[in-house]
Amino acid sequence: MSNVPDELAYSAEHEWVAGEPDAGAEVTVGITEHAAAALGDIVYVEAPRVGDTVIAGEVCGELESTKAVSELYSPVSGTVTAVNEGLESAPETINSDAYGDGWIFKVEMTETATDLLDAEAYAATIA
Amino acid sequence: MSDAILRSPLHDQHVALGATLVPFAGWEMPVRYSGDIAEHTAVRTGAGLFDLSHMGEISIRGAEAAAFLDFALVGRLSALALAGAKYTMLCTPEGGVIDDLIVYRRDHDHFVIVANASNKDVVVAELAARVQGFDASVEDISAEIALIAVQGPLAEGIVARMCVRGDDDIRAMRYYSAANVLLEGDIHAFVARTGYTGEDGFELFVGADEAAAVWELALATGAQDGIVPCGLSSRDTLRLEAGMPLYGQELTRDTTPFDAGLGRIVVFGTAAKPRGDFVGREALLKAKVEGPSRVLVGLVGDGRRAARAGYPVLDDAGVAVGTVTSGAPSPTLGRPIAMAYVPAALAEPGTVVGIDVRGRREDMTVTALPFYSRGS
Numbered sequence: 001m002s003n004v005p006d007e008l009a010y011s012a013e014h015e016w017v018a019g020e021p022d023a024g025a026e027v028t029v030g031i032t033e034h035a036a037a038a039l040g041d042i043v044y045v046e047a048p049r050v051g052d053t054v055i056a057g058e059v060c061g062e063l064e065s066t067k068a069v070s071e072l073y074s075p076v077s078g079t080v081t082a083v084n085e086g087l088e089s090a091p092e093t094i095n096s097d098a099y100g101d102g103w104i105f106k107v108e109m110t111e112t113a114t115d116l117l118d119a120e121a122y123a124a125t126i127a
Numbered sequence: 001m002s003d004a005i006l007r008s009p010l011h012d013q014h015v016a017l018g019a020t021l022v023p024f025a026g027w028e029m030p031v032r033y034s035g036d037i038a039e040h041t042a043v044r045t046g047a048g049l050f051d052l053s054h055m056g057e058i059s060i061r062g063a064e065a066a067a068f069l070d071f072a073l074v075g076r077l078s079a080l081a082l083a084g085a086k087y088t089m090l091c092t093p094e095g096g097v098i099d100d101l102i103v104y105r106r107d108h109d110h111f112v113i114v115a116n117a118s119n120k121d122v123v124v125a126e127l128a129a130r131v132q133g134f135d136a137s138v139e140d141i142s143a144e145i146a147l148i149a150v151q152g153p154l155a156e157g158i159v160a161r162m163c164v165r166g167d168d169d170i171r172a173m174r175y176y177s178a179a180n181v182l183l184e185g186d187i188h189a190f191v192a193r194t195g196y197t198g199e200d201g202f203e204l205f206v207g208a209d210e211a212a213a214v215w216e217l218a219l220a221t222g223a224q225d226g227i228v229p230c231g232l233s234s235r236d237t238l239r240l241e242a243g244m245p246l247y248g249q250e251l252t253r254d255t256t257p258f259d260a261g262l263g264r265i266v267v268f269g270t271a272a273k274p275r276g277d278f279v280g281r282e283a284l285l286k287a288k289v290e291g292p293s294r295v296l297v298g299l300v301g302d303g304r305r306a307a308r309a310g311y312p313v314l315d316d317a318g319v320a321v322g323t324v325t326s327g328a329p330s331p332t333l334g335r336p337i338a339m340a341y342v343p344a345a346l347a348e349p350g351t352v353v354g355i356d357v358r359g360r361r362e363d364m365t366v367t368a369l370p371f372y373s374r375g376s
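Chains as they are written, first to last, in the working numbering: chain B, 1 to 127; chain X, 1 to 376.
Quick caveat, the hints were computed from the structure, so don't treat them as lab data. Certain hints may be false.
A few chain X residues that don't get close to chain B, going by computed Cβ distances all over 12 Å [as the list claims (entries may be wrong)]:
1. Gly35
2. Gly84
3. Ala172
4. His188
5. Ala220
6. Val267
7. Asp316
Example chain B residues on the side facing chain X (calculated, C-beta under 7 Å, incomplete) [stated by the list, open to error]:
8. Val43
9. Tyr44
10. Pro48
11. Asp52
12. Thr66
13. Lys67
Footprint (simulated), chain B over chain X, 3 or more residues, beta carbon under 8 Å [what the hints assert, rightly or not]:
14. 113–127
15. 281–295
16. 303–312
Positions of the beta carbon are idealized from the N, C-alpha and C atoms, including for glycine.
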């Protein structure tokens, strides 16, 4: 059973959001341990770029493992303020530390997120 | 055929090892234990242990067993030496591939065929239909047999040490041959030097009720060499690097052995070594003479986005002219690799083609197969 930290919010597409997901706030986004484990060893991350506009529920990048490729969805709407450049040379960090050093990008939110799940609700979707 | 999911006799071992189990060809099998790349690398540099119990085993016995297989398959199995193994195919009368197989000769009148799990029932039914008129029998023995593979440069030492009798046979065994040995624990095994990884290695046929003991023996014996249990995911990247076709991807009923670059396994016979009729002969002879309209090629990319099965191959004008059959980021090469069917005009090594990777073109270069050979 993979780890689902209580303090994060989650999307149905297996992204996590750290920080209050309110309009004007900056939040950090990654993929869950469950999603990383399902993909296997991640070898390439195509994240959005700083300044890109992302929209909740829409594709903003992709994650490639030896086994499969998966689209990366943005769980929130806003403007990308930072991307994790460490993933360029060490994408496997997502497998080893999905909720920490494996963060993918940060967003300054333009609207409050309304359809994120809390830890309990997300855990139920992957049980 | 029942819809019930089948479990390997090693299911409890997989669960205890923390494997991620997935549905595969009607079975629940390990896709990975520790991690795909670690498992892949273990086979390239040390040793990996695979549960292949989902594969089908079919026993062919009888005075005309060899003659029957000569008729039913595209190879000349009557020429196979005792304890020899042969890669061959079962084709339709139209020359399409029903399955690719390895046939082992256990005795003059006894062969064992290993078929893909997804095709096993079809292969059994097709062989049962073709055996009419021959003094031979076709028996599905899949449920009684477990198949365990030890693959990698350290496999020989591990498998030899697993034996109480026959370890010399293991060390002396040539590629694509086999022997009966006695393993620790008084377990009889038929061991072949075959595999699907591009590495040296062995496949051990044992009774299903002895599979757990053999698996534990392999893990314990191989511990000093760092043997790693390996799942289907690493098996797929290993075979892809080795340029080995996978049924359902490179091989289908719509492809002939010639399309797949495997025409050499179709034996038509010569004046000196004539061969009688076999199913698909006429269509395959035509395919040989006319040459394939499309060619299975290897592709290597410089980028990081990998081509995957089903992606279109594009020519310079962006027109779809072929299809990727398998693709992945190669753990050994550190670059995307793929196999694809392309028109003969684009099959020359060095030719650059485009791949439509989810709406964006990525260039890849045609390269000779395999991508990896051991010792290279």
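Going through the hints against the structure:
no., hint, verdict
1, Gly35, "violated (5 Å)"
2, Gly84, "holds (34 Å)"
3, Ala172, "holds (35 Å)"
4, His188, "holds (36 Å)"
5, Ala220, "holds (27 Å)"
6, Val267, "holds (37 Å)"
7, Asp316, "holds (25 Å)"
8, Val43, "holds (5 Å)"
9, Tyr44, "holds (4 Å)"
10, Pro48, "violated (15 Å)"
11, Asp52, "violated (16 Å)"
12, Thr66, "holds (5 Å)"
13, Lys67, "holds (5 Å)"
14, 113–127, "violated (count 0)"
15, 281–295, "violated (count 0)"
16, 303–312, "holds (count 4)"
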